[in-house]
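Colleague: Those sequence lines, one after another, are chains A and B. Under our numbering, the residues of the first sequence are numbered 0 to 647, in order. Under our numbering, the residues of the second sequence are numbered 0 to 647, in order.
Keep in mind the hints are simulated off the structure, nothing from the lab. Just so we're clear, the structure is a prediction, and the values are computed from it rather than from any experiment. Treat the hints with care, as some may be off.
As the list makes no split between identical chains, a pair holds if one copy fits it or if it spans any two.
In silico BS3-like links for lysine-lysine, alpha-carbon gap of 30 Å or less [to be verified]:
id, residue 1, residue 2
1, K401, K346
2, K401, K233
3, K137, K170
4, K375, K541
5, K299, K622
2 protein chains.
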Amino acid sequence: MKNWEQCWLPDEENREECAVRCEGFDPSGSHRVLSTATEELKRYGRFPKDAEVLIVLDDKLPPESYAYDSGTLKLTVADERGAVYGAFHILREQKIHGGTSPSFGPCIPDNPFRMLNHWDNMDGSIERGYAGLSFFFKDGRILNGDRIRDYARLVASVGINAVVINNVNVKGDATWLISDRYYRDLSELSNTLSLYGIRLFLSLNYAACMDIGGLDNADPLDPGVISWWKERMKEVFENIPNLGGFLVKADSEGRPGPFTYQRTQADGANMLAEAVREYGGTIIWRCFVYNCMQDWRDRKTDRARAGYDNFIGTDGDYADNVILQIKNGPMDFQIREPVSPLFGGLKKTNMMLEVQIAQEYTGQQIDVCYLIPLFKEVLGYHTEAPDAEGDTVAEIIAAKAKGHRVTPGMSGIAAVSNMGDDPNWTGSDLAQANLYGFGRLAFDTSLSAEQIAREFLAQIWPGKAEEVLLPILLTSRATYEKYTVPLGIGWMVRPATHYGPSVDGYEYDRWGTYHRADHLGVGVDRTDAGTGYAAQHGPAWKKIYEDTDACPEELLLFFHRVLYTDRLRSGKTLIQHIYDTHFEGVSEVEANMESIRSLEGILPEKIYGRIMERMERQLYNAKEWRDQVNSYFFRKSGIPDEQGRMIY
Amino acid sequence: MKNWEQCWLPDEENREECAVRCEGFDPSGSHRVLSTATEELKRYGRFPKDAEVLIVLDDKLPPESYAYDSGTLKLTVADERGAVYGAFHILREQKIHGGTSPSFGPCIPDNPFRMLNHWDNMDGSIERGYAGLSFFFKDGRILNGDRIRDYARLVASVGINAVVINNVNVKGDATWLISDRYYRDLSELSNTLSLYGIRLFLSLNYAACMDIGGLDNADPLDPGVISWWKERMKEVFENIPNLGGFLVKADSEGRPGPFTYQRTQADGANMLAEAVREYGGTIIWRCFVYNCMQDWRDRKTDRARAGYDNFIGTDGDYADNVILQIKNGPMDFQIREPVSPLFGGLKKTNMMLEVQIAQEYTGQQIDVCYLIPLFKEVLGYHTEAPDAEGDTVAEIIAAKAKGHRVTPGMSGIAAVSNMGDDPNWTGSDLAQANLYGFGRLAFDTSLSAEQIAREFLAQIWPGKAEEVLLPILLTSRATYEKYTVPLGIGWMVRPATHYGPSVDGYEYDRWGTYHRADHLGVGVDRTDAGTGYAAQHGPAWKKIYEDTDACPEELLLFFHRVLYTDRLRSGKTLIQHIYDTHFEGVSEVEANMESIRSLEGILPEKIYGRIMERMERQLYNAKEWRDQVNSYFFRKSGIPDEQGRMIY
């Protein structure tokens, strides 16, 4: 008996399997991925009695794409992966429409890489994991079996085609993943993933040549280092099938990297890229490089600048099998940030967008926070200017932007996973919407947040539950933002855990994350008069961000120091805006709880109980945020709430 | 080769041992403790060639006391322990005076119990330990051997006669210390301690009858519970020689206790006391009981009140082999607190004072903080009224106070240990002064902080080093207070670690530790108009504490909310006092470093290096405190420093 669930997927098998016939595939091939597609259709598809579904190869279609004709039951596919995605598309439509799938397609993925980054440690813990323990690792060992297979099925069903299974902070046992200690187990795991067309990636310890190789340095230009990696990569790729490559966090938060040897990030990435080139391997290199030993007294250094400052000078220097992975914002997955200026800035570099569906700063899968609206904003952001064309983040990572030179197939989008070994995979049932939505959005960036939420709900909790939960999901990010951190200033979270409020928690610390509140006002001046960060966005956006009247108001405190008595566009003072939004945020959570109560007896009892239990915790958290933030600013400013509500 | 040092003790053995003769002891006894005394004199004493030292029993002397006549080399002792303390006294005087000890005594210990509480865990870690790992435990096992013997020697040399070896938070393996899993090892350890006249105590898990006994409750009036403990204690005392009894932390910070069963603390303590009575055992019951799930919004509940509120009603209810162990202040070992009102309040209860030489909140053995001045203030505190007699804490715990009924021999003083397996035992070399000083003060509460510091330095670093270090030690507590938390308000430390500043770190948390700062002022009103805590001190002190003009100024913010613009007795405003003391504190640390630099080449190089390394860290810490506290209050108040110094 499996102790985990199948989420949005159909889990009742057919009594009578349908027939599936395949045409156009090389009869001498093994077609393991194609078999997965036919099996899914046979076991879970709902077709007329005695019907035969036809899967036809059309290699003129773009990679991974597919189309379906419901009259002839014909699924035309570009390749085996296209067959898997097409099959799951049919199952999805059948579930949504209660039986029959309409015709669709051709469906062509927007992003070549659609990736999950798991931050799983080999002891079984998950860094920033809120859904139980790892299903990949336990006590230093690699797990395999039904759970991994169901994992692959679940994520392939929404189009994921690559996964990194271990934490980007690679230490201890994990450094040894590229050694014969783990080849056999990794090979088995990789085979399981490959059934669903998913390539295995590993996070790499940049200093592995020292830690396990016995070298005395990791200088990327050192011949000994270069040859160690070459030999090691040969061995690794010979022993692990279906290996896509490596994700590297270097020179970041204490991790070693090329800066130690006065080399550029490109030197480091290219050295590894050269070692994996022969095997078709890809090096994904993270841009999360900043000074995490900052002095809080220093108002010139700005962490927001760090990614751009560290990488812009290397544009064009990277090998064609290197991809830079860039977080959506310049800080770190806050509920509101500007879009990283690197997307617009790098013109000759392969890029991947990194988002986080693990809700590290956005409620930790206790608070409801449907993140697709945030991701849509990022994807739709015009990097040159609001009215420019062919310059959105979506276009850049899909290699369709103007003026960007990208290696074909070497770009995409990755999400830090929100999964663990909890029965429902994501801890919160509603957090499944972020996993589902990320995959769907990565495949088709034109989908709206509402379309995705509707699709998700219609499959899993249709009817009345869908009606009730849809508006809750769609407003949840705004609600969360209201009761937490105002106007883009970020942080104000409890250090270390990152859950719950601590307004000054990072204010006098070394992480470069300050709000600079005093008795008169709050916010960071990032204009040229301040840290100069705004200029990284180019002239059009600089002009907008630097002008308090033009700056998107939700980012006002990210770019400007504002007085509590200054008026916002609503006519409210800043302080009154803070008070009002915090009271509103809590009210909205209370209203959501009320709505969900109407689903008692409608949702399965277990699901209802799990959701309500988290709603209670969200409400507690929202009240803590409201009262701590309001009290903090009231105690600091001395300005009372116009409505005389309770502030402590 | 031992990898640890002997601190203040003589460690060069004599080439020629002196003769020691004993008189008056029962010749049929084994006299193991007496042998320790004679061995110490033989191996380390410096006497004229061919001299014979005489140890004479005089059982009319009070227990543990001794006197020495230097003319006849006669040490008169009350008992074997007296011989040990007398021998170490001779060695101390010989070391201080460069050879010969003067006559002294009779020396009679003021406190029957002179105890160390080790917070050592069985995995080898030490809760709030700043001097390495445990020398009692490692990986769930009990250690024994030379280090334990040298430990016993070290602490017996300053008069310690009882030690609790395991953490008061008893969990996991430590619950099983009272089971046959550990009897043999504990027995050996206890034998080692007993050589130096030290009784072994263990911390007890109040719920052991459930956790290892399989009972379904721990109700102290339940016959099953009572009989489980009776049987278990019989077994324990039969198997562990020299066992003095148990220390219990119940109903505190998540630990189980009698409150769970609607019983009083006395019900719990007495049940255990009854079980150990037959074996001469003592139950030491901690009064650290408070609500650690407080709502920061709640200004009526006051953690400072909790000890008194929880225990005062049970005065007179405790068995005569129970001692209540009471922390010096009502909060938790802050750099400045009032004295706990329980000392004056409990009239018919055996009491022990608990102090902490582990510098949890006082610099963690990085910052120099000689705590004897603080302990002297506590001991000298008049519990009834400033001008009363026979009412000091020292008199109360020595069973010499008026109007207090105490069981003879059932009182004293305990310190949370600052020791670990570092070579110098206390991490910081200067922190040895707290270990040394605690023992000396517990034995003789009339000694001054300066006398003790002089004694310590004269033995370990005499001459120029003594001259330089003495004023540093004596002013260190005041210096630490200056750069950390102003005027008794407490806390403002980093949560969890308790090292370094975080002004709001505990302000919106559940621990009952608030400063309530806003843009106008700071402090907690503990008068009758506020939480009413002051009244727990009785009418005379209530009047003093409630009057801002009479209240000891160093406790002003503990008892009152004060405006930043209010004037202190110095004529300075509160805010200017905060700024000035914080700048002064850092200057004093800088001056101390300068002084210590003059000891380069005078102190042994290793010691000098260790001291300077910690001084550097103290200076860093002091600057963080100065800048964070000053910036916090400047940003909140908007009031600039009159002297225009740098505030961020």
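Colleague: Given identical chains, is K401 near K233, meaning Cα to Cα at most 30 Å, within a copy, between copies, both, or neither?
Modeller: Answer is neither: 37 Å inside a copy and 85 Å across each miss the 30 Å cutoff.
Colleague: Using 30 Å as the alpha-carbon threshold, which applies to K299 and K622: within, between, both, or neither?
Modeller: between (35 Å within a copy, 20 Å between copies)
Colleague: Treating 30 Å as the Cα threshold, decide for K375 and K541: within, between, both or neither.
Modeller: within (22 Å within a copy, 63 Å between copies)
Colleague: How would you label the pair K401, K346 (within, between, both, or neither) given a Cα cut-off of 30 Å?
Modeller: within (9 Å within a copy, 86 Å between copies)
Colleague: Given identical chains, is K137 near K170, meaning Cα to Cα at most 30 Å, within a copy, between copies, both, or neither?
Modeller: Classified as both: same-chain Cα gap 15 Å, cross-chain 25 Å, threshold 30 Å.
Hint violations for this structure: number 2 only, all remaining hints satisfied.
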